[in-house]
Amino acid sequence: MSKYIAKRILISLLTLFVIIFVLFVLIRIMPGNPFPVERMSAEMIAQKRLELGLDKPILIQFVDYMKMLLSGSFGNGTSLYNGAPIKPILLKCLENSFKIGVLSILFGTVTGLFIGIVAALNRGKFLDGLCTIFSILGVCIPSYVSMIFLQYTFSYKIPFFPYFFDPSNFLFSSIMPSLSLSLFSISTIARFTRNELVEVMNSDYVKLAESKGIYGRQLIKTHVLRNALIPVVTVIAPLVVDLLTGAMVIEKIYGVNGIGKLMVDAIAGQGVDYNYVLALGIVFSALYIGVMLLLDILYGIIDPRIRLTAKKG
Amino acid sequence: MDKIYTPSKDDFEFIAEQNINVDKNFASQGYWRGVATHFLKNKFAMTGVFLVGIIIIFAVFAPIFSSYAYDEIVSITDSSGKEIVAKSLSPQLSGSEQNLFSDKTFLFGTDDLGRDLWTRTWQGARISLIIAFVAIFIDMLIGTSYGLISGFFGGNVDNAMQRFIEIAGSIPTLVIISILAIFMEKGIGLVIASLLITEWIGMSKISRAECLKLKEREYVLASRTLGAGSFHIIFKQILPNTIGPIITQVMFSIPVAIFTEAFLSFVGVGIVLPQCSIGSLIEAGFNNITIMPYQILPPISVLAILMLGFNLIGDGFREALAPKLEDM
Chain L
1 MSKYIAKRIL ISLLTLFVII FVLFVLIRIM PGNPFPVERM SAEMIAQKRL ELGLDKPILI
61 QFVDYMKMLL SGSFGNGTSL YNGAPIKPIL LKCLENSFKI GVLSILFGTV TGLFIGIVAA
121 LNRGKFLDGL CTIFSILGVC IPSYVSMIFL QYTFSYKIPF FPYFFDPSNF LFSSIMPSLS
181 LSLFSISTIA RFTRNELVEV MNSDYVKLAE SKGIYGRQLI KTHVLRNALI PVVTVIAPLV
241 VDLLTGAMVI EKIYGVNGIG KLMVDAIAGQ GVDYNYVLAL GIVFSALYIG VMLLLDILYG
301 IIDPRIRLTA KKG
Chain W
1 MDKIYTPSKD DFEFIAEQNI NVDKNFASQG YWRGVATHFL KNKFAMTGVF LVGIIIIFAV
61 FAPIFSSYAY DEIVSITDSS GKEIVAKSLS PQLSGSEQNL FSDKTFLFGT DDLGRDLWTR
121 TWQGARISLI IAFVAIFIDM LIGTSYGLIS GFFGGNVDNA MQRFIEIAGS IPTLVIISIL
181 AIFMEKGIGL VIASLLITEW IGMSKISRAE CLKLKEREYV LASRTLGAGS FHIIFKQILP
241 NTIGPIITQV MFSIPVAIFT EAFLSFVGVG IVLPQCSIGS LIEAGFNNIT IMPYQILPPI
301 SVLAILMLGF NLIGDGFREA LAPKLEDM
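So the sequence lines, in the order shown, correspond to chains L and W. Following our numbering, the numbering of the first sequence begins with 1 at its first residue and continues without gaps. Following our numbering, the numbering of the second sequence begins with 1 at its first residue and continues without gaps.
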């Protein structure tokens with residue numbers, strides 16, 4: 001097991017390194033200028049380039065950048081408006097996004113599993129039909145349509161929840177954003193859990209267990225759930241990644257100061273801020289790869305078959 | 001040793017045509033015919049076709065027959081005979097009693113600059129559909145060729161090509177878009193380019209899996225024996241047999257593309273004004289949602305109907321291509 005985990009970690013680190021390299025080189029060789037040309041004279045630009053070390057060969061710049069990264073800094077922003085160190089701003093935004101993200105993953109997985117299990121246990125009955133309709137709607141209606149709808153209904157028409165996210169009142173004001181962010185995962189996970197459970201419950205080994213006299217909660221817990229959960233974990237992976245995209249919309253709708261908003265500001269504002277794009281690109285990729293790694297390890301724990309084949313190969 | 005026996009003409013007996021018994025009493029159905037029948041029988045899939053069809057018809061014809069241009073600021077005559085700009089009007093029909101100001105019809109109302117939302121909605125749907133179709137069509141070409149080549153040659157070629165995909169696939173879409181935004185103008189081009197870079201990976205995975213299955217078949221061996229080159233086998237022999245799964249994937253990719261476009265325009269890196277797309281209309285509507293909630297309804301409904309429709313069609317295709325026993 002530890003060998004499997006070590007191998008996965010090594011591969012992930014390697015991928016991350018390659019991505020950082022590619023991002024760095026792409027950003028450096030792309031045509032364009034990080035400085036607002038209309039506001040700076042040629043000498044000022046040359047001076048600034050010298051300051052930022054942009055006159056050195058790309059490889060040396062890359063080594064410098066990696067040294068800086070490893071010492072835990074992201075450098076300064078490039079734009080004139082915001083030349084301050086990136087790290088504190090990034091950390092603050094990351095914290096907000098992370099909290100909402102984790103909350104919505106919890107919401108999504110727990111509620112999704114619950115709905116799926118209820119539907120599977122009542123298959124063919126009214127509750128099952130209700131769950132199916134809910135999950136089809138949840139998958140087909142684009143997430144931000146339902147987000148806007150939820151905000152309009154529960155924060156504006158019935159002003160129970162705060163309209164905007166407020167870090168000082170974190171728990172209460174993050175209910176709506178994370179709930180709307182998790183709608184899509186709830187419905188996807190519910191649908192998958194239901195189908196998998198029904199399939200496993202019809203399988204021979206469950207019938208065998210039943211005929212041996214195991215029933216009820218114990219049957220579901222020890223025999224059905226474990227096998228049914230593997231495919232469910234597979235769906236959770238892309239969902240977690242989708243949260244990054246969803247986070248951008250949610251952050252705009254609820255006015256959250258998060259990394260998605262930071263990214264939009266870095267590319268859509270006045271002029272693109274190269275260092276912000278690079279730093280955020282690295283953070284996004286690291287998050288993505290980290291999630292993938294975590295899920296890979298999780299598969300290994302849930303399903304021994306996966307780590308056994310990985311050992312062989 | 002005996003002489004090798006050579007068959008002579010007398011050894012064979014000619015069977016007259018009437019002696020051959022061919023069973024003419026059977027039902028034969030080509031593969032695609034079967035798929036089509038199955039698809040047409042599927043009520044959900046036909047609902048999808050109906051929904052998408054309606055949106056496409058409106059997107060094509062509504063801007064042509066509308067009395068306003070999509071970027072035209074309309075003025076109306078109010079009751080005192082003054083010309084005013086038709087800003088932020090709720091939906092109205094000409095001649096109806098609530099219509100106090102004017103003799104003009106705005107089915108979906110007007111936006112805060114006084115442009116007709118009916119025209120803008122369908123113009124936006126048109127732009128979104130064009131973006132989705134163009135991007136996904138090119139993605140299909142790239143992804144299919146990549147997957148087929150990778151799967152067919154195998155070995156080191158496959159290894160290298162798959163590692164490339166692994167790395168390309170683990171860069172989040174947002175990061176790719178932000179890098180593109182550094183050197184590209186915001187607008188349709190940026191949206192299409194980012195869809196091109198991200199969406200082909202899924203297609204290539206599917207066509208590679210299909211190719212791995214098919215290249216072991218006898219007919220590939222046969223045409224190899226007859227002297228066919230690799231590219232002839234890949235594109236003339238294997239490709240036609242992978243069309244089914246690829247079409248299904250295309251059907252599922254189109255809503256993703258429409259959604260991505262809407263999402264990009266919504267957060268502000270997509271379509272630039274006065275051009276409009278579903279996403280930019282939703283964005284405009286969202287900004288005024290508390291004062292004029294009617295503005296966001298048309299684009300959001302169009303988006304939801306399109307996503308629902310394409311998903312239903314995709315599901316229908318998947319079932320029609322690989323019918324389960326219980327559906328037969």
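Keep in mind the hints are simulated off the structure, nothing from the lab. Just so you know, these numbers come straight off a predicted model, no measurement behind them. Each hint should be verified, as a subset may be incorrect.
As the list claims (entries may be wrong) - For the chain W half of the interface with chain L, some residues (derived, Cβ under 8 Å), not all of them:
1. Met161
2. Phe164
3. Ile165
4. Ile167
5. Ser170
6. Pro172
7. Phe252
8. Val256
9. Met307
Unchecked claim - Computed footprint of chain W on chain L; a stretch qualifies when at least three of its residues, placed anywhere within it, have a C-beta under 8 Å from a C-beta of chain W:
10. 17-27
11. 135-144
Unchecked claim - Here are the computed lysine-lysine pairs in the DSS-like style, where the Cα-Cα straight-line distance is at most 27 Å:
12. L/Lys67 to L/Lys56
13. W/Lys186 to L/Lys125
14. L/Lys92 to L/Lys67
15. L/Lys92 to L/Lys261
16. L/Lys99 to L/Lys207
17. L/Lys87 to L/Lys99
18. W/Lys213 to W/Lys236
19. L/Lys87 to L/Lys56
20. L/Lys125 to W/Lys43
21. W/Lys186 to L/Lys252
22. L/Lys221 to L/Lys207
23. W/Lys41 to L/Lys261
24. L/Lys87 to L/Lys252
25. L/Lys67 to L/Lys48
26. W/Lys236 to L/Lys7
By construction, the Cβ of each residue, glycine as well, lies at the ideal position given by its N, Cα and C atoms.
Q. For this structure, which hints from the list above don't hold up?
A. Going through the list in order, the structure violates hints 1, 2, 3, 7, 8, 13, 16, 23, 26 and respects the others.
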